[in-house]
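A.B. asks: Take a look at the letters that make up each chain.
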Amino acid sequence: MSDSRPQGIVIIGTPRAGTTLLRRILDAHPRIACPPETYLLSAAARFLHEERFAAGLRIGVLSGLAFAGFEEPEVLARLRGLVFGFLDDHARARGKSRWAEKTAFDAFHLPAIERMLSGHVRFVCIQRHGLDVACSLAELVDKTGGYVQELHDYLRRDPEPLVALAHAWVDAAEHVAGLVERDPLALDLRYEDLVRDPEAVVRRVLEHVGEPYDDTLLARALAEPGQLGFGDWKTYGRAAIDGSSVDRWRTLPSPTASRLAEVCNPMLVRLGYEPVEIDQAPSDEDARHRYAMGLRLQQMRAGKSHEQ
Amino acid sequence: MELTSTSVREFLGKKTRADLTKVSDDDKLFSSGIIDSFVMIDLLGFLEKHTGARVAPEDLQAIDSVRSILELAASKSKR
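In the order they appear, the protein sequences are chains A and B.
Going by our numbering, the first residue of the first sequence is number 2, and it counts up by one from there.
Going by our numbering, the first residue of the second sequence is number -16, and it counts up by one from there.
Rather than coming from a laboratory, the hints here were simulated on the basis of the structure.
We treat Cβ as the ideally placed atom computed from N, Cα and C, and that holds for glycine.
Mixed in with the good hints, there may be bad ones.
Derived DEER-like restraints, expressed as beta-carbon distance ranges [what the hints assert, rightly or not]:
no.: 1; chain 1: B; residue 1: SER58; chain 2: A; residue 2: ASP143; range: 40 to 48 Å
no.: 2; chain 1: A; residue 1: ALA241; chain 2: B; residue 2: ASP10; range: 24 to 32 Å
no.: 3; chain 1: B; residue 1: SER58; chain 2: A; residue 2: ASP287; range: 18 to 26 Å
no.: 4; chain 1: B; residue 1: GLU54; chain 2: A; residue 2: VAL247; range: 48 to 56 Å
no.: 5; chain 1: B; residue 1: SER15; chain 2: A; residue 2: ARG289; range: 44 to 52 Å
no.: 6; chain 1: A; residue 1: ARG79; chain 2: B; residue 2: ASP19; range: 33 to 41 Å
no.: 7; chain 1: B; residue 1: GLY35; chain 2: A; residue 2: ALA201; range: 45 to 53 Å
no.: 8; chain 1: A; residue 1: HIS50; chain 2: B; residue 2: SER15; range: 52 to 60 Å
no.: 9; chain 1: B; residue 1: PHE21; chain 2: A; residue 2: GLY61; range: 45 to 53 Å
no.: 10; chain 1: B; residue 1: SER15; chain 2: A; residue 2: ALA288; range: 41 to 49 Å
no.: 11; chain 1: A; residue 1: ASP243; chain 2: B; residue 2: ASP10; range: 21 to 29 Å
no.: 12; chain 1: A; residue 1: ASP287; chain 2: B; residue 2: GLU54; range: 22 to 30 Å
no.: 13; chain 1: B; residue 1: ASP9; chain 2: A; residue 2: ARG289; range: 30 to 38 Å
no.: 14; chain 1: B; residue 1: ASP10; chain 2: A; residue 2: GLY244; range: 24 to 32 Å
Facing chain A, from chain B, some residues (calculated, C-beta under 8 Å) [claimed, not checked]:
no.: 15; residue: LYS(-2)
no.: 16; residue: THR(-1)
no.: 17; residue: SER15
no.: 18; residue: ILE17
no.: 19; residue: PHE21
no.: 20; residue: LEU43
Please work from the sequences and hints to get the whole structure.
C.D. replies: In structure tokens:
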């Protein structure tokens, strides 16, 4: 008997949480086509953007079209049709019967995406330790030389980039966790599990989407060049899945890790991670002492005079 | 808690994410580049927390190996 549940698959996770790796694995499946990041869903979410003012009226396309005689279910169905049409055509062109979609920054548009897609797709949600995500996002913006809108909003609110990125993680992770709690068609994964035991996690994913696992899938996912496009550039340079990026936050200076922990710990605990130890904030005198010692170390490294 | 070669290595291993098992107690750490100045600063905080004593600028050159770290910690603890 065929599976009557929705066939479309949407990967959702905070940026830098392993979504591109999952995309490559699903795209290597003989029945599933998952293109590089299309931005279809975040674009559709922006189409649904609305403002709500004190009088309670929602000002946006759904209310506007309702006045014109188009009720919300119909508008959402038409929007889904537009999005699914591109993905159906892409899958067909690849000779595959199903599609999957993944764009990392979708996590910041999840309320609108959920409104549009819940009950119509199977979500595969992946979460990663927030301090590792903040470190990796900092590396990403360093490489790209700028902040995308979704992150820039946080930078405007907080002058410390890593702290701003930690806040971005908390909000995105909260959206993803909420989706997992509400949607029975959402699978909940952890990046750390994926890199520690890829086969076990991929088996869960394929069971969730109703496809068989084959022993060559992971090897093919990493060996095949796949389609070029937007996504995490680092995965294209990897020939094997490894856990070398797990716990990278531990290399942060202790005051920085503590500052991020203050932001992230409640969400870390909610997601089942151990909270990060928070050191007492240094006194002004301690902070000056650390700073002076850091300068002295730089002098030593440069081979300059060690004398007073 | 008394500092040991193992506890110092564990601390530095977490901070550098490097395998320090092949580093001997006398191998140079900072001057060889195994640890950078950020890790050194955290190490100083780690030492001060364990000894309850301030590490002085003149101590910096004396702590470039696991053994010298332990010797400094022992001397600070006696005071």
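A.B. asks: Is 52 to 60 Å respected by the C-beta to C-beta distance linking HIS50 of chain A and SER15 of chain B?
C.D. replies: holds, 55 Å
A.B. asks: Between GLU54 of chain B and VAL247 of chain A, is the Cβ distance one that fits in 48 to 56 Å?
C.D. replies: Since GLU54 of chain B and VAL247 of chain A have Cβ atoms about 34 Å apart, the given range 48 to 56 Å is violated.
A.B. asks: Do the beta carbons of ASP243 of chain A and ASP10 of chain B sit within 21 to 29 Å of each other?
C.D. replies: holds, 27 Å
A.B. asks: Let me know if the C-beta of SER15 of chain B comes in closer than 8 Å to any C-beta of chain A, holds or violated.
C.D. replies: violated, 11 Å
A.B. asks: Against the range 24 to 32 Å, how does the distance between the Cβ atoms of ALA241 of chain A and ASP10 of chain B compare: consistent or not?
C.D. replies: holds, 30 Å
A.B. asks: Return holds or violated for the Cβ distance of SER58 of chain B and ASP287 of chain A against the range 18 to 26 Å.
C.D. replies: Hint holds: Cβ distance 21 Å, inside 18 to 26 Å.
A.B. asks: Return holds or violated for the Cβ distance of SER15 of chain B and ARG289 of chain A against the range 44 to 52 Å.
C.D. replies: violated, 29 Å
A.B. asks: Identify whether the interface hint at PHE21 of chain B stands, where standing means a beta carbon of chain A within less than 8 Å of its own.
C.D. replies: holds, 5 Å
A.B. asks: Should the interface hint for ILE17 of chain B be scored as holding, given a Cβ-Cβ cut-off of 8 Å against chain A?
C.D. replies: violated, 13 Å
A.B. asks: Could you tell me whether the CB distance from ASP287 of chain A to GLU54 of chain B stays inside 22 to 30 Å?
C.D. replies: holds, 24 Å
A.B. asks: Please verify that hint: LYS(-2) of chain B, Cβ, nearest Cβ of chain A, below 8 Å or not.
C.D. replies: LYS(-2) of chain B check passes; min Cβ-Cβ to chain A is 6 Å, inside 8 Å.
A.B. asks: Could you see if the CB distance from SER58 of chain B to ASP143 of chain A stays within 40 to 48 Å?
C.D. replies: Taking Cβ atoms as reference, SER58 of chain B and ASP143 of chain A lie about 41 Å apart, which means the hint holds.
Consistency with the previously given hints fails for numbers 4, 5, 6, 10, 17, 18, ordered from lowest to highest.
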